[in-house]
Amino acid sequence: MFSFQPDRSQYPDIGPDGKFEIDLETGKFLKLWQGPNHPGITGNMSVELTVNGDEVVEGKTHVGYLHRGFEKLMERRTFIQVFPIVCRVCVPEPDFNEYCYAAAVEELAGIETPEKAKWIRALILEMGRFNSYMMSIGGIGGALGNGIVGQWLTYVRDLMLDRFEELTGARIYHMFILPGGVRAGLPEGFEGRMEEVLATAERYLDDTEKLLFTNAVFKKRTKGVGYIDPALFESYGVTGPNARAGGVAKDVRKDSPYLVYDQLDFDVPVEHDSDIWARATVRYRDLRVTIDLLRQILAKMPKTGEVMTSLPNVLHWKIPRGETYIKGESSRGEYGYYLVTDGSGYPRRVNVRGPSYTHAMALLEHLIPGTNIADVAALMVSLHTYPPEIER
Amino acid sequence: MGSLRDVLSPFTAWKHVIETPVTLKNPIGREAADRYRGFHQNDTEKCIGCGSCETICQNAAIDMVPVDDPKEGDSGLRPQIDYGRCCWCALCVDVCMTGSLTMSNEYTWVDTDPDAFRFIPGVDEKPWDAIAKGYQRPGERMLSGLTRPEMMEMEPEARIDNFDEIVAGYSREQAVLEADRCVECGLCVATCPVHMDIPDYIAAIREGDYDLGTQILYETNPFSEVCGRVCTHKCETVCAAQYEGEPIAIRWLKRHIIDNVSEERRLEIVGTPQVLPTGRKVAIVGAGPAGLTTAYDLARQGHAVTVYEAQDHAGGMMRYGIPEYRLPYDALDRDIAVIRAQGVEIKTGVRIGSDITLAQLKADNDAVVLGIGLHMGRSTRVPGSDAPGVEAAIDLLRRITAGEEVPVPKKVAVIGGGNVAMDIARSMARLQKQKYGAVGVTVTALEDFAHFLADKEEVTESIEEGIEILDARGPQEMVTFKSGKRKGEVKGLRTWKVISIFDDQGRFAPQYDEADEIVHEAEMVVEAIGQMADVSLLGDELTEALQWNRGRIAVDADGHTSEPWLWAGGDSVHGPDVIHAVADGHKLAASVSAMLAAKAEVAK
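Sequences listed follow chains A and B, in order.
In terms of the working numbering, the first sequence is residues 1 to 392.
In terms of the working numbering, the second sequence is residues 393 to 996.
Just to be clear, a hint being listed does not mean it is correct.
Now the stretches of chain A that chain B is said to cover, found in silico as 3 or more residues with beta-carbon under 8 angstroms [as the list claims (entries may be wrong)]:
{"no.": "1", "stretch": "111-119"}
{"no.": "2", "stretch": "356-369"}
Label pairs and their calculated CB-CB ranges [to be verified]:
{"no.": "3", "chain 1": "B", "residue 1": "GLU565", "chain 2": "A", "residue 2": "GLU323", "range": "25 to 35 angstroms"}
{"no.": "4", "chain 1": "B", "residue 1": "GLU547", "chain 2": "A", "residue 2": "GLU115", "range": "35 to 45 angstroms"}
{"no.": "5", "chain 1": "A", "residue 1": "LYS303", "chain 2": "B", "residue 2": "ASP896", "range": "53 to 63 angstroms"}
{"no.": "6", "chain 1": "A", "residue 1": "THR200", "chain 2": "B", "residue 2": "ARG510", "range": "34 to 44 angstroms"}
{"no.": "7", "chain 1": "B", "residue 1": "HIS843", "chain 2": "A", "residue 2": "GLU323", "range": "54 to 64 angstroms"}
Because the hints were derived from the structure by calculation, they are not lab data.
Yeah, the Cβ is synthetic: ideal placement off N, Cα and C, and Gly gets one too.
Isolated chain A (complex conformation) (with noise of 0.2 angstroms):
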């Protein structure tokens, strides 16, 4: 059958390190910069491309962009005013570092949460995978030319906001998970409101699947195309979605349940080819069983009770000596928070473990060589990486 892979042989050898023989002198290389303005990049960084006609022989990463110094920042704040700063260190899914933040000092403090807290916590998580997916599954429809699902579920996003507005009072970052609890309940009626959202993610869903999943294009240009050896998987710290897209069902939730995690009935969805097209695949059949989590949770949630504990005077709050690492599954992986605390006011030490940080860097670096440019991009959003976490 007719093929759109290029015929190599024109290409310049490989070496007996197994790497192209890359001498820019020759005028066979060309330099050519992806980002950090550019439609096919997940937030602001950048990828130096070498490349050879139109295959990329070596991808460089650039972040930095978006540096703030967040966990420097959080050292010189008291252990409240740390809690307006961290939603800020992800974009597209805040909400895992106010609950890590919350849940490590409540844990080197000896706070009890509420058990409504609790629930409200989960609801806000899912909540916030729902919207991370919805971006995923649209940049990867984006990169590939199928801008149309981008805009679909862009929208249906912008429900999901909504939804977060009224429950949180905000959309983007919502500050709404304090230590102690979380800063309300749900608003009168808030239950049909959110039926009505997941019911139309699931027709927009239903679309999609017929545009994207279902697309002779799409199969063509995401299977056998950004493979990762599951083998690689330990040593490059693959997590979350791209370790269950080769065949590895880790999932956080399931592993060590935190929250109400234990009394929720889910099945975590894996694939095995490991590919740009597991990746998808397995986002997508994980914003189904979101959308059904987000049913339960409401259905099962306690419909009374306190949402929020008192807690010590904030403005000179201390907390003893210890140090905990809090986890939980985010839309991307593990994602974790490092506390380590001296007795004083102030965090001592808080670590972000995104995982950004390994995915967008390290493993992109070792994926891009031998790929098309065209690819690069689909390659970049199905690893489902938000700069913002690299650089705390």
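Guided by the hints, dock chain B onto chain A, whose structure is given.
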């Protein structure tokens, strides 16, 4: 690889062409959700300018700035918000002590002037000021405690037959919990007559650094142990924590610091004057809080200070006016010991005017300071008020302290509704309990309970101890025995119901309901309606020479009288309590010291 289905299926997307567009025509006009956190609103009537919002804001978006019309007791500042910095986290709303700061759900605002986005909510009028929707702090304050730990006190049955101290003081745990509630706004500092660094010494309690706490106390107040027990704590009336909760127990925290530092350690911390003697001499008349504070300050500056006290012990009203169950004498003695350690000489049992003349003091010293207090009781002057069995509260309290024999009848009536009335009622009740095993004291106050002058806790504790307190009763006559062996002696007090105390112009002109008359059976009637200064020590010539202000010696802002060598302060000039007397003492010392320095300059 592909199937026919994979080729045809994407074309189903064409159905969206005939669907209604989902985009909003005018997204700017869209109303935000009910609890959306939009631009701030501030109810300036409720706001006290405590600045907790400014403290918590991690973006430094809030500045406390002066406003034109602050309320009594607030800081005079209001939050100004810079929306170039605000991140809409609403911690300022959550931490607001009064609940005045809220956020409207208004989230779009267009203005071409960049400076417009920095304004004072509530002061600079904005279109969203009246919007009820938005973010309010949910329920009570969650970010700081609401109630103070309960103070351990002796039960009424245990305390009524003795003069043991009632209040036990906070434990370390209680004190830390209470100190934790402080938001360090400093409204208390401004209100305290001596401007004690209250937030700082409360912070020292949280840190467990009692040495530092003591040091901070002594920077402003040499009577911290006394004030830790009997201060009228004006600071607590402005405390930011009192809105939606109890004010911080500032007085008990002060006491907690002193309770945790031994007398020896306290002397080490305060130390002795580290200056060369100036050779200047100052005489102080009266060893009360005003006189001794003046003495403390002047001695710390190297001046030779002698305090003359008519009574046998130093302390003035703190010793002879306040009962021992509220202020144990050894607590007072420890405060005085620190003052003595500064080299202050206190000559007790020396009455100026009779033992030594004021003229003699003037001749022997560079300056003389009067802190003579209010040791003469005022009389109601109702018929029979000069009868045997009618006593002045202040005189009776002094005699109890001095250990003199006081008559203890089974039935006592007290006229007055202030703290002195409570003090004498409770003292007499204790003596009655010791003597008869029963309490028989009735307090009749002119004011109704809503306008009582005595502290609420004094009234409550008095009632607990079995004292009968009748409000709105005006004394009309001391009923005396008309015949028999005890002819002329008091046998009761006749009172009428008070309808109003002041007339339309606010002048004292009580109106009574004569039909509502009670005769309170009593073999002793104690008048506790106020005191005045005994100024006989001045002598005729000086009395004539001095300027007076409504029966009190007139002084300028520094406590200087019209005579260049004479200063006066404390209760006899300003009133009304220990902490004001201490404040007066500092003022007097500063003024005297400035004069002595000027003298030294001239001598050069």
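Structure-based check of each hint:
Coverage of the stretch 111-119 of chain A by chain B is violated in this model, with 0 residues showing a Cβ closer than 8 angstroms to a Cβ of that chain against a need of three. Three residues within the 8 angstroms Cβ limit are the bar, and the stretch 356-369 of chain A against chain B gives 0, so the coverage statement is violated. At roughly 27 angstroms, the beta-carbon separation of GLU565(B) and GLU323(A) lies within the given 25 to 35 angstroms, and the hint holds. One distance hint, 35 to 45 angstroms for the beta-carbon pair GLU547(B) and GLU115(A), holds here, with the actual separation near 41 angstroms.
Distance hint check for LYS303(A) and ASP896(B): the Cβ-Cβ separation is about 59 angstroms, which falls inside the suggested range of 53 to 63 angstroms. Take THR200(A) and ARG510(B): their Cβ atoms lie about 41 angstroms apart, and the range 34 to 44 angstroms holds. Range check, HIS843(B) to GLU323(A): about 58 angstroms between beta-carbon atoms, so the 54 to 64 angstroms window is met.
Hints 1, 2 from the list above are not met by this structure, while the remaining hints are.
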